[in-house]
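Assemble the dimeric complex from its two separately framed chains, guided by the hints.
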Amino acid sequence: MEDVRTLDELSKKLTLVLSDYLSQVIVPAVLRTAVRRAVPDPKVVTMADRKNLLQQLQRSVNLYMANRTAFEKCSQQLEDVLLGDLPAPRPEDRLRTVQVKIDADIVTARAVVRDMCRTEGVARALEVTLATVISELARNIVLYAGSGVLTLTVLEGKPSVLQIQSIDSGPGIRDLASVLDGSYRSKTGMGLGLAYVRKVMDEVVIDSSPGKGTSITARKRLD
Amino acid sequence: MPGLGNLQVVRLRGNLLLSLQGELSDAAVNALKETVAEKVSRSQGVTGLIIDVSGIDVMDSYISRTIRDLSVICKLMGVTTVLAGMDPHVAMTLVEMGLDFSGVHTALNLDVALDRLNEVAARPRRRRGQRRAAPRAGRAG
Numbered sequence: 001m002e003d004v005r006t007l008d009e010l011s012k013k014l015t016l017v018l019s020d021y022l023s024q025v026i027v028p029a030v031l032r033t034a035v036r037r038a039v040p041d042p043k044v045v046t047m048a049d050r051k052n053l054l055q056q057l058q059r060s061v062n063l064y065m066a067n068r069t070a071f072e073k074c075s076q077q078l079e080d081v082l083l084g085d086l087p088a089p090r091p092e093d094r095l096r097t098v099q100v101k102i103d104a105d106i107v108t109a110r111a112v113v114r115d116m117c118r119t120e121g122v123a124r125a126l127e128v129t130l131a132t133v134i135s136e137l138a139r140n141i142v143l144y145a146g147s148g149v150l151t152l153t154v155l156e157g158k159p160s161v162l163q164i165q166s167i168d169s170g171p172g173i174r175d176l177a178s179v180l181d182g183s184y185r186s187k188t189g190m191g192l193g194l195a196y197v198r199k200v201m202d203e204v205v206i207d208s209s210p211g212k213g214t215s216i217t218a219r220k221r222l223d
Numbered sequence: 001m002p003g004l005g006n007l008q009v010v011r012l013r014g015n016l017l018l019s020l021q022g023e024l025s026d027a028a029v030n031a032l033k034e035t036v037a038e039k040v041s042r043s044q045g046v047t048g049l050i051i052d053v054s055g056i057d058v059m060d061s062y063i064s065r066t067i068r069d070l071s072v073i074c075k076l077m078g079v080t081t082v083l084a085g086m087d088p089h090v091a092m093t094l095v096e097m098g099l100d101f102s103g104v105h106t107a108l109n110l111d112v113a114l115d116r117l118n119e120v121a122a123r124p125r126r127r128r129g130q131r132r133a134a135p136r137a138g139r140a141g
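Chains A and B are the protein sequences, given in the same order.
Heads up, the first sequence is in the working numbering, so the first residue is 1 and it goes up one at a time.
Heads up, the second sequence is in the working numbering, so the first residue is 1 and it goes up one at a time.
By construction, these hints were calculated from the structure, which means they are not laboratory data.
Virtual Cβ for every residue (Gly too), placed ideally from N, Cα, C.
Each hint should be verified, as a subset may be incorrect.
What the hints assert, rightly or not - Reference listing, derived: stretches of chain B covered by chain A, where coverage requires no fewer than 3 residues with Cβ under 8 Å from a Cβ of chain A:
id : region
1  : 47-61
2  : 97-107
To be verified - Residues on chain A that point at chain B, a partial pick, calculated with CB under 8 Å:
id : residue
3  : V25
4  : A66
5  : A70
6  : D103
7  : R110
8  : R124
9  : S135
10 : G193
Stated by the list, open to error - Pairwise CB distance ranges (calculated):
id : chain 1 : residue 1 : chain 2 : residue 2 : range
11 : A       : Q99       : B       : L108      : 36 to 42 Å
12 : B       : Q44       : A       : D115      : 41 to 47 Å
13 : A       : D207      : B       : K33       : 32 to 38 Å
14 : A       : T153      : B       : T35       : 36 to 42 Å
15 : B       : N109      : A       : A123      : 22 to 28 Å
16 : A       : T15       : B       : E38       : 41 to 47 Å
The shape of chain B in the complex, shown without the other chains (with noise of 0.2 Å):
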């Protein structure tokens, strides 16, 4: 099992988005959990992680609950994280499994979860030096 070999965070204004794709081994998605983490903690000015898990097939206990643990301890650094894209056959297996995912943010695609990281990053504080405005208000479609 290469592992982490394919682990790819791309910064996207002021959004760190990471891909997740195929099979994960336990010590791959415990390993991506400690990456992730320290990348988070390293970049300057980020507010947002989107975790792309649109390539996951399966996410068994394991997986879920360490996914989970990221989006936890991103909060903890101040950092919103969004789970974008998930399969519906995996989101059915979750619900079935019962794991509590009330507290993390998701969204259908990529597209909605930036949008969702800009309303979060315009509410509570607003940074100095130039941010990117929110987005147009009435947004169509």
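Chain A on its own, in the form it takes in the complex (with noise of 0.2 Å):
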């Protein structure tokens, strides 16, 4: 998906934000490097370019900001002109598959529902949550299972609901009632993973036997 407008006239823009927050000295070293850092062909700034770039720049902005309210409020600036125009989320947005095998699927998994939630337009609390949940989830298949797969899927209503599938073939959960009330202490993890996802999901169904693999399904309202 490419963008109407040029790095030239998004430039301009965040120039005039980061002006009124930062001295006037650095902002155009911040924002060169956090171009250069983001977008990788200047001609053409795709969707992902401008999540990239915004998350720069607010990086950049903490580090050079001491004060906690000014950098929420410059922050929302900064998403307001990088993101302000986003388009209605599209049907393949909206179904996401990540296969999880290794370590570095964990960090997949929570940009993907993390991207998820930037197109859905959910706050950044519930945003940190569900990030959170996939993390536990898709840790839990790393570590347990050996590979799986979680699928995402945003389902229409009002408010709208994200559903988070874990399949995995692994050898099931044995003593599922003490993993859930977070009593189970494993040695690889907490057990606190399975239990906080249960306690922050609005409902969450666990699938599970010896040697048969679990599923699991949770869903939580996007509002």
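Quick look at the structure:
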């Protein structure tokens, strides 16, 4: 998806915002660094580039500004400039799958859920919660099942609902009850992951038996 | 995942400052624990470690446990750890998760973290040589 606005135009708007918060001396440098890192091809600024650019700028601004309130405000304005005219989510944005096998896939899974939250316009508090949830589910797959698949679906509705499905063919959960109430302590994790998922999601269905793998379906309203 | 490519430990007034940024993979956060513990043990005259977590967007059970472990490890080596600048949403997540962070010092930002460490360093034992004076009492604001 290409953007109609050029990098030049974007830069001008961003400079305006940044100048309100940072010293004039460092604004060009901050912007240049962020652009260099986030936009591989200055001729085409993709939606992903914009999101990266936003992250880079927020980090820099965070570094230079001690005042939290001002930072939040600046952060919001940057977001408005960069993501303000996001189009409505396309069908392919509402169904994503992540193959989970290694450590790095956990990071990918978090990135995917974040991405979906951005497209759906989900509040940051919920975004952090959902990223944590997916992180726990993905880690369980990596640690206990070896490999599996996470499927994320946004179900249409008012409000819309995010459904996260985790399916693996690992050894299954032997003592589900103690895992869920948080009293179970594993060697590698803390046994808090799944209990946390159950606590913060609206609806969690766990189907697991020894030797048959585990399927977890969790839903959360996006409001 | 580049892992620890961006790990920076800076020395600041008898303390080490570690700034965590961006997405941390499990391997990265684990390596971080070991690297930092090594660094702390090799640094002469260091009494405090500040971990700036303001750049961290998600702390799940593994990451938060590893960071807590690191602070306990440092404590065993006689170095006080302060977590600084935790994102409010991340803090809420940790509370919901029910992870016990009671033994870990925390501070709203780097300024407060340094003050906190100065207090701790000034309190128990005085070192020989010229140590910096404890922060002035009755700071305004």
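For each hint, the structure was consulted:
| no. | hint | in the structure |
| --- | --- | --- |
| 1 | 47-61 | holds (count 7) |
| 2 | 97-107 | holds (count 3) |
| 3 | V25 | violated (22 Å) |
| 4 | A66 | holds (7 Å) |
| 5 | A70 | violated (13 Å) |
| 6 | D103 | holds (5 Å) |
| 7 | R110 | holds (6 Å) |
| 8 | R124 | holds (6 Å) |
| 9 | S135 | holds (4 Å) |
| 10 | G193 | holds (5 Å) |
| 11 | A:Q99 to B:L108: 36 to 42 Å | holds (40 Å) |
| 12 | B:Q44 to A:D115: 41 to 47 Å | holds (45 Å) |
| 13 | A:D207 to B:K33: 32 to 38 Å | holds (35 Å) |
| 14 | A:T153 to B:T35: 36 to 42 Å | holds (39 Å) |
| 15 | B:N109 to A:A123: 22 to 28 Å | holds (24 Å) |
| 16 | A:T15 to B:E38: 41 to 47 Å | holds (43 Å) |
The earlier numbered hints that this structure contradicts are 3 and 5.
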